Amino acid sequence: MRINILQHTPNEGPGSILDWAQANGHQTFIYHPYQFGYLPTVDETDLLVILGGPMSPNDDLLWIKQERELIQELLNKDIPMFGACYGAQQIAKTLGYAISKAPAKEVGWGPVYRQSQIIPDIPEELVALHWHEEMFEVPKEAELLFSSDAVKNQGFVMNHRVVGLQFHFEPLADNVREMVVNDFPYIQGSIFNQTADDILETPVPDINRAIMFKILDFITADK
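Numbering (UniProt numbering), first residue to last: 1 to 223.
FYI, nobody ran anything at the bench for these hints, they're computed from the structure. From a predicted model like this one, the values you see are computed outputs, not experimental measurements. Just to be clear, a hint being listed does not mean it is correct.
Here are the computed lysine-lysine pairs in the DSS-like style, where the Cα-Cα straight-line distance is at most 27 Å [as the list claims (entries may be wrong)]: (1) 214 <-> 77; (2) 77 <-> 140; (3) 140 <-> 214; (4) 214 <-> 152; (5) 77 <-> 65; (6) 65 <-> 101; (7) 152 <-> 101; (8) 152 <-> 140; (9) 140 <-> 65; (10) 140 <-> 101.
Working from the sequences, and respecting the hints, build out all of it.
What follows is the structure in structure tokens.
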């Protein structure tokens with residue numbers, strides 16, 4: 001399987017998604033469209049991963065619009081997709097749903113609560129890394145997957161092929177350090193009231209990697 005990964009800032013990489021790809025013998029190709037402007041084609045994509053970034057789907061940038069054209073083509077062909085944060089928002093916007101300011105800025109570690117049992121063996125509560133202040137409207141074609149205390153729309157699943165999460169399960173410890181040391185000013189104003197040191201000193205829950213594997217297994221079943 002060829003996994004095409006769209007990375008949108010140097011400090012938000014694929015983390016445990018690479019572990020899953022390697023464990024399953026898949027090839028990964030990482031694109032940086034914000035810098036180079038290139039995107040994969042539909043025909044060379046077996047799974048698309050759309051990572052987070054500081055931009056908004058509402059920004060009037062050509063490459064952001066071209067990403068949505070690719071997403072629409074993949075949706076038309078029922079090709080699996082996983083979106084994290086901005087990536088989930090891009091999928092929702094492609095489907096015609098709004099991206100708007102969230103009721104609260106969430107940056108740091110915080111709980112999320114499972115709202116659907118469609119993906120087996122996911123606990124009712126997990127602790128994830130949040131790094132956002134916008135949110136998606138859950139597509140009517142999809143099912144609400146996760147919520148947090150402050151933001152209801154934290155995740156969706158659609159057609160057993162698409163999952164979008166507003167937060168992050170994919171970062172490993174090195175990824176968290178990279179996010180914090182490069183983007184620590186963004187922490188200010190978060191409802192979690194955590195410092196950069198608080199975030200760095202919180203161990204990444206081991207289960208998050210396992211849940212990331214479950215999600216990817218789910219959307220690529222029979223592929």
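How the hints compare with the structure:
1. Pair hint residue 214 plus residue 77 holds up; C-alpha atoms about 22 Å apart against a cutoff of 27 Å.
2. Between the alpha carbons of residue 77 and residue 140 the distance comes to roughly 19 Å, so the proposed pair stays at or under 27 Å and holds.
3. With a C-alpha separation of about 24 Å, the suggested pairing of residue 140 with residue 214 holds against the 27 Å cut-off.
4. A threshold of 27 Å between alpha carbons decides the hint, and for residue 214 with residue 152 the separation of about 22 Å falls inside it, so the pair holds.
5. About 19 Å separates the Cα atoms of residue 77 and residue 65, which keeps this hinted pair within 27 Å; it holds.
6. At most 27 Å may separate the alpha-carbon atoms for a hinted pair to count; residue 65 and residue 101 meet this at roughly 20 Å.
7. The suggested pairing of residue 152 with residue 101 holds, with an alpha-carbon distance near 13 Å, which does not exceed 27 Å.
8. With a C-alpha separation of about 15 Å, the suggested pair residue 152 and residue 140 falls inside the 27 Å cut-off, and the hint holds.
9. In summary, the hint linking residue 140 to residue 65 is supported, as the alpha carbons are separated by about 22 Å, within the 27 Å threshold.
10. A distance of roughly 19 Å separates the Cα atoms of residue 140 and residue 101; the hinted pair therefore holds under the 27 Å criterion.
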